[in-house]
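With the sequences and hints as input, model every part of the structure.
FYI, this note's numbering numbers position 83 of the sequence shown as 83, with every residue one higher than the one before it.
The hints are simulated quantities; they were obtained by calculation from the structure and are not laboratory data. There's no promise every hint is true.
Below, a list of computed lysine to any residue pairs in the SDA-like style, where the Cα atoms sit at most 20 Å apart [as the list claims (entries may be wrong)]:
no.: 1; residue 1: Lys110; residue 2: Gln90
no.: 2; residue 1: Lys81; residue 2: Ser111
no.: 3; residue 1: Lys83; residue 2: Ser61
no.: 4; residue 1: Lys121; residue 2: Pro71
no.: 5; residue 1: Lys83; residue 2: Lys121
no.: 6; residue 1: Lys81; residue 2: Lys110
no.: 7; residue 1: Lys94; residue 2: His69
no.: 8; residue 1: Lys81; residue 2: Pro71
no.: 9; residue 1: Lys83; residue 2: Pro116
Cβ-Cβ distance ranges computed for the label pairs, FRET-style [to be verified]:
no.: 10; residue 1: Gly91; residue 2: Pro52; range: 30 to 38 Å
no.: 11; residue 1: Asp27; residue 2: His69; range: 47 to 55 Å
no.: 12; residue 1: Leu38; residue 2: Arg60; range: 24 to 32 Å
Fair warning: this is a prediction, and the values are worked out from it, not measured in the lab. Cβ coordinates follow ideal geometry from the N, Cα and C atoms, glycine included.
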Amino acid sequence: VFWSEKVWIPPNTTWAQYEDNYRHFNDIYYSLITAVLLIGVRLTLERYIYAPIGIYLGLRSNHGKSPPHNPLLDTAFRASKAKFSHKQIQGLAKQLDWSERQVQRWVRLKSAQNRPTVLSKFTESA
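Printed below as a string of structure tokens:
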């Protein structure tokens with residue numbers, strides 16, 4: 001009685017009329033295939049069309065000068081997430097026997113490495 005058609009659907013209709021109107025699980029494959037195709041088209045356009053156009057327009061594709069390798073500053077940089085107080089900079093400068101300016105320059109160069117280049121911004125927004 002619980003699954004009777006008289007209880008759940010209007011008169012003069014059957015479950016068969018509703019069966020084909022709803023989406024099936026296999027329909028998700030169409031959206032996945034479309035997503036993969038669109039990602040492929042996007043990557044192809046970025047790499048082979050927009051990047052050469054950006055280089056032709058004179059956009060920089062490199063990060064510039066990289067900071068010298070320093071394990072102590074690398075550890076401090078990761079721990080503080082590039083936010084150093086003046087006291088931390090002074091302490092690091094004393095430990096390394098560097099000037100405060102050299103430590104500040106190293107931090108600035110290291111944080112510039114994590115930023116996207118102008119060319120990558122151009123290709124992603126094109």
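Structure-based check of all given hints:
Between Lys110 and Gln90, the direct Cα distance comes to roughly 18 Å. Compliance with the 20 Å bound is thereby established for this hinted pair. Only pairs whose Cα atoms come within 20 Å are accepted, and Lys81 paired with Ser111 is accepted, the gap being roughly 9 Å. Distance hint between Lys83 and Ser61 is unfulfilled; the C-alpha atoms sit about 26 Å from each other, more than 20 Å. For the hint pairing Lys121 with Pro71, the CA-to-CA distance comes to about 30 Å; that exceeds 20 Å, so the pair is violated.
A hinted pair counts as satisfied when its Cα atoms are at most 20 Å apart, and Lys83 with Lys121 does not qualify at roughly 24 Å. The suggested pairing of Lys81 with Lys110 holds, with an alpha-carbon distance near 11 Å, which does not exceed 20 Å. Proximity of Lys94 to His69 is assessed by CA-CA distance (about 18 Å); at most 20 Å being required, the pair is judged to hold. Annotation: proposed proximity of Lys81 to Pro71 holds, straight-line Cα distance about 15 Å (limit 20 Å).
Taken as a hint, the Lys83 and Pro116 pair is honoured in the structure, with Cα atoms around 19 Å apart against an allowance of 20 Å. For Gly91 and Pro52, the hinted distance range of 30 to 38 Å is not satisfied, since their beta carbons lie about 47 Å from each other. The supplied range of 47 to 55 Å is met by Asp27 and His69, whose beta-carbon atoms lie about 53 Å from each other. Checking the proposed 24 to 32 Å range against Leu38 and Arg60 shows it holds: the Cβ atoms sit about 28 Å from each other.
In summary, the numbered hints that this structure violates are 3, 4, 5, 10.
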